[in-house]
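There are 2 protein chains.
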Amino acid sequence: MKQITSRDNALYKELKQLAASASARKKAGKTILDGVHLCQAFLQHRAAPEICVVSDHCIEHAEVAEILARCEKQGAQSISLPENLYQALSQVENGIGVLFVIATPQLEMPLTLSVNAVVLDNLQDPGNLGSILRSAAGAGITQVYCSVGSASAWSPKVLRAGMGAHFLLEIFEGVNLHALLSDATIPILATSSHTKTTIYQSDLNRPVAWLFGHEGQGVDPELMAMANETVTIPQTAEIESLNVAASAAICFFEQVRQQIVAKE
Amino acid sequence: MKQITSRDNALYKELKQLAASASARKKAGKTILDGVHLCQAFLQHRAAPEICVVSDHCIEHAEVAEILARCEKQGAQSISLPENLYQALSQVENGIGVLFVIATPQLEMPLTLSVNAVVLDNLQDPGNLGSILRSAAGAGITQVYCSVGSASAWSPKVLRAGMGAHFLLEIFEGVNLHALLSDATIPILATSSHTKTTIYQSDLNRPVAWLFGHEGQGVDPELMAMANETVTIPQTAEIESLNVAASAAICFFEQVRQQIVAKE
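Protein chains in written order, with the working numbering: chain D, 426 to 689; chain V, 426 to 689.
Hints in this document: simulated from the structure, not taken from any laboratory. Model, not experiment: these values are computed from the prediction. The beta-carbon is built from N, C-alpha and C at its ideal position, and this holds for glycine as well.
Far from chain D by the CB rule (all over 12 Å, computed), these chain V residues:
(1) LYS438
(2) GLN442
(3) ALA453
(4) GLN502
(5) GLU508
(6) LEU532
(7) MET534
(8) ALA650
(9) GLU654
Heads up, simulated DMTMM-like pairs for lysine to aspartate or glutamate below, C-alpha to C-alpha not over 20 Å straight-line:
(10) LYS582/V <-> ASP550/D
(11) LYS438/D <-> GLU475/D
(12) LYS582/D <-> GLU640/V
(13) LYS582/D <-> ASP550/V
(14) LYS427/D <-> GLU508/D
(15) LYS427/D <-> GLU497/D
(16) LYS582/V <-> GLU665/D
(17) LYS582/V <-> GLU439/V
(18) LYS427/V <-> GLU475/V
(19) LYS441/D <-> GLU508/D
(20) LYS582/D <-> GLU665/V
(21) LYS582/V <-> GLU640/D
(22) LYS452/V <-> GLU475/V
(23) LYS441/V <-> GLU508/V
(24) LYS621/V <-> GLU665/V
(25) LYS438/V <-> GLU508/V
(26) LYS582/V <-> GLU640/V
(27) LYS498/D <-> GLU488/D
(28) LYS498/V <-> GLU485/V
(29) LYS582/V <-> GLU595/V
(30) LYS452/D <-> GLU475/D
(31) LYS621/D <-> GLU689/V
(32) LYS451/V <-> GLU595/V
(33) LYS621/V <-> GLU689/D
For reference, chain D alone in the conformation it holds in the complex:
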């Protein structure tokens, strides 16, 4: 394991850039997995990172030691930093000091949208995106398509909120949703308060593409018009709408419920 002790070390400077700057991450095609849970999930579901970085305070920590051992066995570079240098990289408060640098996964788009999927139009909040990825993975949905302008799925914030869900999903970013939805071979469903069909009445025991949008403005009207069905989550009259990640969770798990009922 390589020890870096100086702030002026070239690799340390590169790590700081990756930790602090979305454009640096984009340019390098790399991102950061911050904390024990994400690192373990990555090793479990994907592969070895490019670099494993640990705080020298935590090298003896059992979980960190195990992560380090697995990384070294798989040929990943490992680096230890003094606690103060490590803290300048990490966004996890009071966490155990381990993080991975990984290549940001780049997947080739499928030719058509044909399996149960989530389609996100201009979703902004990293916490909402992470929560939606987590709910999708929990509900057994495997594909997520994000429009140009949506929050970056592989940012450290979204990764933390996703709690490892990223590694169970195929995530496509910067997608032209108009083209995607035009060619879809499964029904496109969107939630709306201007419809009477509830999610409970809709047949969800089939693959569908769930379309959700911007926190304030919702789905772009042109894309909304491409939905084959609009469904509503019945709510008491006084409240305007649910948080988009809450709506998504309700939809995905109503689909799970209908799948369970159909199997019984």
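Following the hints, complete the assembly by docking chain V onto the known chain D.
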């Protein structure tokens, strides 16, 4: 309407304190509703604010003018600020410049927990709390109990995430949950991955108290032991758990679904 133009004005300094500091809000027993939507919702469901503050750039804006008129009619103080002074108060980016100062609602606790409710043990994230309040209000739940140590429900962040749900709910803070749950006359339900009963199998067509906990550690074991029933949201094996606000939304709306089915 009073115009304040100096940063050194005593009332402006007080407003800055309220905007910036949780302890100042607590000490004053006041909080801030930031933006058109929250102000409108407060006027609709509650009453006039103590103070209505507007940016002088926005006085002519139709929605702001209407809010101002309603405030003045109801005897609230109104203040205009130059845009730069206003921006130093507001946390809403690119918003329309209107905010309310209100007395933080303080409700007397009911003697017993006897109506459909949400009970939150040490929930930390303001976005999660706001989302849970929104989902609860949407599902027709009226009472929310927050433990000592939970995020402050009336902070500007939680208010923004709640989108007006606060004004449809009775929110009790700093609650001794142990005492509350000991005396409850309705079943206490908690989610757990260590149980086989799914939320779909559980009878939710009755008032229940939904118990949720800390984002990392979950519900305190002693409180968890007070749950009459633990239920699970069935998930694919690989993912650890859902975001707490997503879980809550799924539970609340499964209850809504069962209520609808029972009425049919």
